[in-house]
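Asker: As a plain string of letters, each chain reads:
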Amino acid sequence: MTEHVVIVGGGTGGTVLANDLADRLEPELDAGDVRVTLVNDDPDHVYKPVWLYVPFGQREPDDGRRALDELVDDAVDIRIDRVSDIDTESQRLRFDGDGPSTEYDHLVLATGSTLEPDRIPGLTEGGHNYYSESGATDLRDELLAFTEGELVLSVIGTPHMCPAAPLEFVFMADDWLRERGLREDVDITYTYPIQRVHGNPHIAEWARPIMEERDIQVETFFNAESVDPEAETVTSMEGTELDYDLLVTIPPHGGIDLIEEAGLGDDGWVDVDKHTLEAEAAENVYALGDTADTGVPNAGSVAHYQAGVVGQRLASELRGRPATATYDGKTLCFIETGMDAASFVEFDYENPPSPAPPSEKLHWSKLAYNESYWLTARGLL
Amino acid sequence: MTDIEPDDTVDARGAACPGPLMDLIGKIRSAESGDVIRLLSDNDQSLTDVPEWAEEAGNELLAVEERDDHNAFYVEKA
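Residue numbers (my numbering), protein chains in the order written: chain A, 1 to 381; chain B, 1001 to 1078.
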């Protein structure tokens, strides 16, 4: 009997896992004892960290796109389709349109985050973002035409993809505007939902003095409730109103509805054991990356490390051995502090981050990693 | 024990900081004025985070109930 592993989602987690399994299970795949299918609703794999650089004219969205069939090992079946139903009782997935349903023996959900700007009245019309390809290119056009006024960066709700990116954006915007001689004519304000500038207290403590040095205004306890695109104001649940000329937001995020419909967790995030990444509400289901509700950042490095853990566990299970690999919360992020300097953090469930002093070397390390990311996607790095 | 009947409960036990407060804010966001939300948190930081935010946002922290391994916060949306 052939054991069927189905991975839903061809982002970092799903793609790294598909290639990991192709390598790890080569004998079983060759013998036809195991089949691995990667399902994605887009023929391309998208590397989202590229979007941070698009508004500053340094990268193009296409730099973050590659065809999945070029990245994924030929031993993996790729199915370009959209799942319409996850039935964890009969272990079956159904698809949009006329596509045949498929049974699985092991399911991995790596469906990631989606943007939900419509949850905030006026945000779609009034706000810009760099959390989508079209958002990043629209923001680039706005930024290029922006020479004076109030630039507001508002983080609306967490969790969101790449918790460092809001800090990076304001640090980069500050530097970019200074280089262009425009900084004196632009006020930058950063808003965050809780009482500090970042969810992680260690990163917040590190970032706050840098913001003060760079004259970046801060509004904490600011949870945007509505945007008035006509009056160009954003109002918080706490009653603060800010004027803006250019509003950049991190829109509310959610997972896909299918997860809640399948009873696997709320808001599209799968309730998992944060060490084994097994779903709590169903057998033979794993989740990884943003989809897994572990409390660690929604970051590519997390999805990458988790994919290795799930790959090892699945290989053990398929070979009839106890699965022993566990995820320890490992997270790794470069944090841009300007256009030519960056910091770096590494942490896990037990050890908090300690941001490295910003340097040009770390900035180039980040850019070099972004180039070599394609080796990660291929399961090589 | 309090006899307050919450309209909704957010169980954020096991979530690391700032998860519990953000979960509460998310629930309050979609609640009606006058609704009482109960937050369950086993993170000690919530003992300072939640009262601070409730005051800032003008919502009333009606009670904090100490239980064996977590706390229950009752917040009424203004």
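Rather than coming from a laboratory, the hints here were simulated on the basis of the structure.
Warning: the hint list may mix true and false statements.
[As the list claims (entries may be wrong)] With a straight-line cut-off of 20 Å between C-alpha atoms, the simulated EDC-like cross-links for lysine to aspartate or glutamate are: (1) A:K366 <-> A:E350; (2) B:K1027 <-> A:D257; (3) B:K1027 <-> A:D118; (4) A:K330 <-> A:D257; (5) B:K1027 <-> A:D271; (6) A:K274 <-> B:D1042; (7) A:K274 <-> B:D1011; (8) B:K1027 <-> A:E116; (9) B:K1027 <-> A:E346.
Asker: Regarding the pair B:K1027 and A:D118, is the alpha-carbon distance no greater than 20 Å?
Answerer: The given pair, whose Cα atoms are some 16 Å apart, holds under the 20 Å limit.
Asker: Taking 20 Å as the top limit, are the C-alpha atoms of B:K1027 and A:E116 close enough?
Answerer: 16 Å, holds
Asker: Take a quick look at whether A:K366 and A:E350 sit within 20 Å of each other, Cα to Cα.
Answerer: With Cα atoms ~25 Å apart, A:K366 and A:E350 exceed 20 Å; violated.
Asker: Are the Cα positions of B:K1027 and A:D257 separated by 20 Å at most?
Answerer: 18 Å, holds
Asker: Is it true that the CA of A:K274 sits at most 20 Å from the CA of B:D1011?
Answerer: Holds. A:K274 to B:D1011 sits at ~16 Å (cutoff 20 Å).
Asker: Against the 20 Å threshold, does the CA-CA distance of B:K1027 and A:E346 hold or violate the hint?
Answerer: It is violated: about 31 Å lies between the C-alpha atoms, which goes past 20 Å.
Asker: CA of A:K274 to CA of B:D1042, is that 20 Å or under?
Answerer: 16 Å, holds
Asker: Check the hint pairing B:K1027 with A:D271 against an upper bound of 20 Å on the C-alpha distance.
Answerer: 18 Å, holds
Asker: Given the hinted pair A:K330 and A:D257, is their alpha-carbon gap at most 20 Å?
Answerer: Distance ~28 Å between A:K330 and A:D257 Cα, so the pair is violated.
Hint check: violations occur at hints 1, 4, 9; the rest are consistent with the structure.
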